[in-house]
Amino acid sequence: MNTIKQVMKKFGYTENETSIYITLLESGNLSGYEVSKRSGVARSKVYNLLENLVNSGLVVVNKTEPKLYHAISSEELLNLLKQDIHADLAQLEKQLTKVKETDESDDLLWKINGYGPTLSKAKYLIEQATESLYIQIWEQELTPELIDVLAAAEQRLEHFVLILFKENNDFTLPFTRYYDHGFQQDKLADFGNRWLSIVSDSQEVLFGDLNFEVKEVELIWTKNRAMMTLAKEYIKHDAYTLKLIAQLPDSIAETYHGDLGQLRQIY
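Following UniProt numbering, the numbering of the sequence shown begins with 1 at its first residue and continues without gaps.
Source of the hints: derived by calculation from the structure; they are not laboratory data.
Each hint should be verified, as a subset may be incorrect.
As the list claims (entries may be wrong) - Derived lysine to aspartate or glutamate pairs resembling DMTMM-like cross-links, with alpha carbons at most 20 Å apart:
| no. | residue 1 | residue 2 |
| --- | --- | --- |
| 1 | K10 | E101 |
| 2 | K121 | E139 |
| 3 | K223 | E101 |
| 4 | K187 | E127 |
| 5 | K187 | E158 |
| 6 | K223 | D209 |
| 7 | K187 | D201 |
| 8 | K45 | E34 |
| 9 | K166 | D180 |
| 10 | K232 | D107 |
| 11 | K236 | E131 |
| 12 | K63 | E51 |
Bear in mind the structure is a predicted one, so any value in this text is a computation, not a measurement.
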């Protein structure tokens with residue numbers, strides 16, 4: 001119920017209005033008194049709220065006495081909300097085309113705060129890439145939505161490099177052009193936490209750690225050429241090394257006596 005209320009708030013419905021709608025959905029035809037009793041919404045408020053719901057189309061009322069209220073089906077509600085979204089987006093798109101945007105490239109580093117905004121920004125950068133995409137990402141960040149846009153990008157782009165860090169050995173992606181890092185535990189020991197790095201079209205970079213214990217997730221998004229080059233070359237270097245290990249497994253295993261961890265001993 002709390003999740004439904006949170007989502008409905010985004011569409012302009014109060015918690016009490018949502019409680020009334022759900023009560024009617026579960027109980028069928030009810031009088032205002034019965035709605036108040038079952039939903040827990042005070043009688044002094046329930047009739048005004050019912051009127052709001054009738055005016056918005058979520059609830060219908062009969063024409064005879066006694067006055068009864070009835071909720072539209074959940075399927076019809078979803079269809080109604082989708083229509084509103086599409087109409088609002090169409091209007092927004094029409095109006096925004098009239099706004100003259102400043103398309104300036106700068107070297108500033110911009111903060112992206114929060115896990116949700118971070119994944120949204122990542123999804124956008126992946127979707128917008130038309131030439132190249134370089135990514136380091138952990139399995140925990142690979143939501144179904146991100147996997148879908150990555151699969152599309154892998155088909156669309158010639159220059160596509162993805163380094164996958166995973167703690168579950170059975171985890172795979174539904175496409176072939178990616179590298180399993182294999183040293184994730186060592187990297188966790190080095191960094192202390194997961195991170196995300198995306199370079200889109202060699203124009204934009206999203207980079208930062210995902211430290212949930214110490215602070216709020218905070219990443220950097222920038223068009224700074226130095227940061228972009230650094231992140232891109234770091235990802236490419238990982239790919240070079242992992243490709244070499246995959247193509248020369250016997251020679252490398254023999255050299256290091258089966259302990260590939262020795263590859264990381266550079267001091």
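Hints and how they fare:
no., hint, result
1, K10 / E101, "27 Å, violated"
2, K121 / E139, "17 Å, holds"
3, K223 / E101, "17 Å, holds"
4, K187 / E127, "28 Å, violated"
5, K187 / E158, "28 Å, violated"
6, K223 / D209, "18 Å, holds"
7, K187 / D201, "26 Å, violated"
8, K45 / E34, "13 Å, holds"
9, K166 / D180, "8 Å, holds"
10, K232 / D107, "16 Å, holds"
11, K236 / E131, "16 Å, holds"
12, K63 / E51, "14 Å, holds"
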